[in-house]
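Participant: In the order they appear, the protein sequences are chains A and B. Final position of the first sequence in the numbering used here is 283; the numbers increase by one with none missing. Final position of the second sequence in the numbering used here is 306; the numbers increase by one with none missing.
Simulated from the structure, these hints should not be mistaken for lab results. It should be emphasised that the depicted structure is a prediction, and the values quoted were computed from it without experimental measurement. Beta carbons are placed, not taken as given, at the ideal position from N, Cα and C, and that holds for glycine. One thing to keep in mind: the hints can contain errors.
Cβ pair distances, simulated, as ranges [what the hints assert, rightly or not]: (1) R171/B - Y210/A: 50 to 58 Å; (2) V225/B - I124/A: 31 to 39 Å; (3) T258/A - L96/B: 28 to 36 Å.
Pairs of lysine-lysine residues, derived as DSS-like cross-links and limited to a Cα-Cα distance of at most 27 Å, are as follows [claimed, not checked]: (4) K160/A - K174/A; (5) K174/A - K296/B; (6) K2/B - K295/B; (7) K295/B - K177/B; (8) K268/B - K2/B; (9) K174/A - K106/B; (10) K25/B - K268/B; (11) K295/B - K5/B; (12) K295/B - K174/A.
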Amino acid sequence: MIQVFISGLFLGGVYALLAVGLSLAFGIMGVLNLAHGSMAVLAAILYKKTLVLYPFSPWTFCVLATPIFLGFGFLLHLIIVAPFRQLSLSAGVVASLIASLGVALILEDLFVWWQGWEPISTYITFPTFNLVGLKIPGLRAILLGMAAVTIGLSTLFLKKTDPGRSMRALAQDKEAASLYGINPGFTSMGALGLATILAGVAGIFYSSLYPLGPREGLDLTLKALFIVVAGGMGNLRGPAVAGLVLGFIESFAGFLFTYTSTDTVVYSLLVVYLVLKRGGRRQ
Amino acid sequence: MKPWKMFFTIIILTALLLSSAAFSKGYVGIFIFSLIINGTMAVSYDIPGRSLGLISLGHAVFFGLGAYCFGIAISKGLSFFPALILSVILSFVGALMVTLLLAGLKHGYYSLATLGILIIFQRFFETLESITGGSAGLYIPETISKLHCNLLAAFLLLATAACHVLFSRSRWGLYSKETEASEEAAETIGIPTQTVKILCLMTAAIPACMAGVLHLARTSYVSPVSGFSLTLSITALLASRVVPVSGILGPLLGVLFITAAEEVIWTKFEGFNHAWFGLILLGAALYQGMDFRRKKELSSLRSQLE
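Okay, chain A solo, but in the shape it has when bound (with noise of 0.2 Å):
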């Protein structure tokens, strides 16, 4: 029972990543940005096609990849958030989600010709440890360790430096952030970019974990999203948490019955959670 907490957990750390970045972009921009997890599975990929040339460590592509990532989210807030600037906010919230359902459907197709049908593994050798008797995988500790840095690093980001307060700015009044001279275009372009690298770091991560099919990218947005909707909208905290919530759901459903029913336990509880919540927190 403790080691499916701990693979929850891993498993949490993951989802909690990947749903900070959809947090910023909703927060910030307003957007439903379907094609968030398939950018995790572009890294992934990337990840995969790498280690071929340098078997180089999941953290160190992380690193190296940033300004790839960065790049990905710029050409993404062209396609799926600069043409509806103009529109208003629950059309603009549709026009966006539409494109970003564009966006996710073609990577899915130029994936499977990219890479093939096989799921994409890049699991490395990392020897295992024993802390007070429980068996714990090295790779996982690390990785997880990796990811509340990552998301401390993000928070402090937006916290810390000029850029972040703008976003943080953004999200809470556009007009007014205008204002006082905040660039909204240049700024949400950063969000987007902020949320790109999270997306690829999740995805590398997760790809290290477990085998990741080129077509689940939309299945790891739709979690993200109800973990977003879960957490709370616009901030990393409640995303984190509910992250992490959501690994041990899936861990203990999957233990508890089989391992296909732990979609349809998950995604029952979410929908019911999200009725109960009529709408998350933030309509």
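Assemble chain B onto chain A, guided by the hints.
Facilitator: Showing chain B alone in chain A's frame:
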């Protein structure tokens, strides 16, 4: 409805009805049937889509429910009409439960929950292997002729179109427009917003369930992936949005365009059908953004001239 819109709507519906009777077999028969089923899905989707402004990513839940209820009834030995009646009752109950669950949600949350419900149904029907055949799907014998199936589907499309028109012209249609504009304001002036939403969503759900029944009756096969299909939901969404014409002409023209495009995509671009679908979605969204900007520029030009 403007006369030209009514004219084209009647032309399209009559053409579909006549061609469903004339071509029931072969490739053309299947294509006409797909047009009619997609048309029913798009027109029914458009009822809450236009009046409540809700974007559902799980409209196929009702399609799958209808198909599975009918399939299970047939596999238990019932003949066509008793199975049809039973599946309509069962899917009505199922659709009501789903609708009651989702009616309280707004905009993005509604879209998200519908997508979640679609996945839940897909996985749930996969696990009920002894009744639903699991992920391999459910096969049923032919219960009615293809001609009768095409004709029933065409009449279903006509009935759905009539529901769309009647709903949008009734006081419930006006209530739903008010609810879309501002739910709080609508409640203040005494509109029962929850009842409006449930009625609107149920008006859309029942034709989708019936479409699922007829689709299974004609193709004899349904699986969790093909019944509770995200692609089908997106097709309905796209068809309803891609042509910026109000009323039922918009979704009808959208269906003609999307089904034809889908046919080309599935036959000519094997392996890239999702990508092409995605491109159409992206194009539709970008067009919406450009159209808004163009209208804004036009109105500012007009005000400058005045």
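Participant: Each hint should be assessed against the structure and marked as holding or not.
Facilitator: Consistency of the hints with the structure:
Judged by the Cβ atoms, the range 50 to 58 Å given for R171/B and Y210/A holds: they are separated by roughly 53 Å. Here the CB-CB span from V225/B to I124/A is close to 34 Å, well matched to the stated 31 to 39 Å. The hinted window of 28 to 36 Å between T258/A and L96/B holds, with their beta carbons roughly 30 Å apart. A C-alpha spacing of about 20 Å is found between K160/A and K174/A, which places the hinted pair at or below 27 Å, so the restraint holds.
Note on K174/A and K296/B: the hinted pairing holds, with a Cα-Cα distance of about 20 Å set against a maximum of 27 Å. Pair hint K2/B plus K295/B holds up; C-alpha atoms about 21 Å apart against a cutoff of 27 Å. For the hint pairing K295/B with K177/B, the CA-to-CA distance comes to about 22 Å; that is within 27 Å, so the pair holds. In summary, the hint linking K268/B to K2/B is not supported, as the alpha carbons are separated by about 38 Å, beyond the 27 Å threshold.
A hinted pair counts as satisfied when its Cα atoms are at most 27 Å apart, and K174/A with K106/B qualifies at roughly 22 Å. With a CA separation close to 23 Å, the supplied pair K25/B and K268/B stays within the 27 Å bound. For a cut-off of 27 Å, the pair hint linking K295/B to K5/B stands: about 22 Å separates their Cα positions. The hinted pair formed by K295/B and K174/A meets the criterion: a straight-line CA distance of about 23 Å does not exceed 27 Å.
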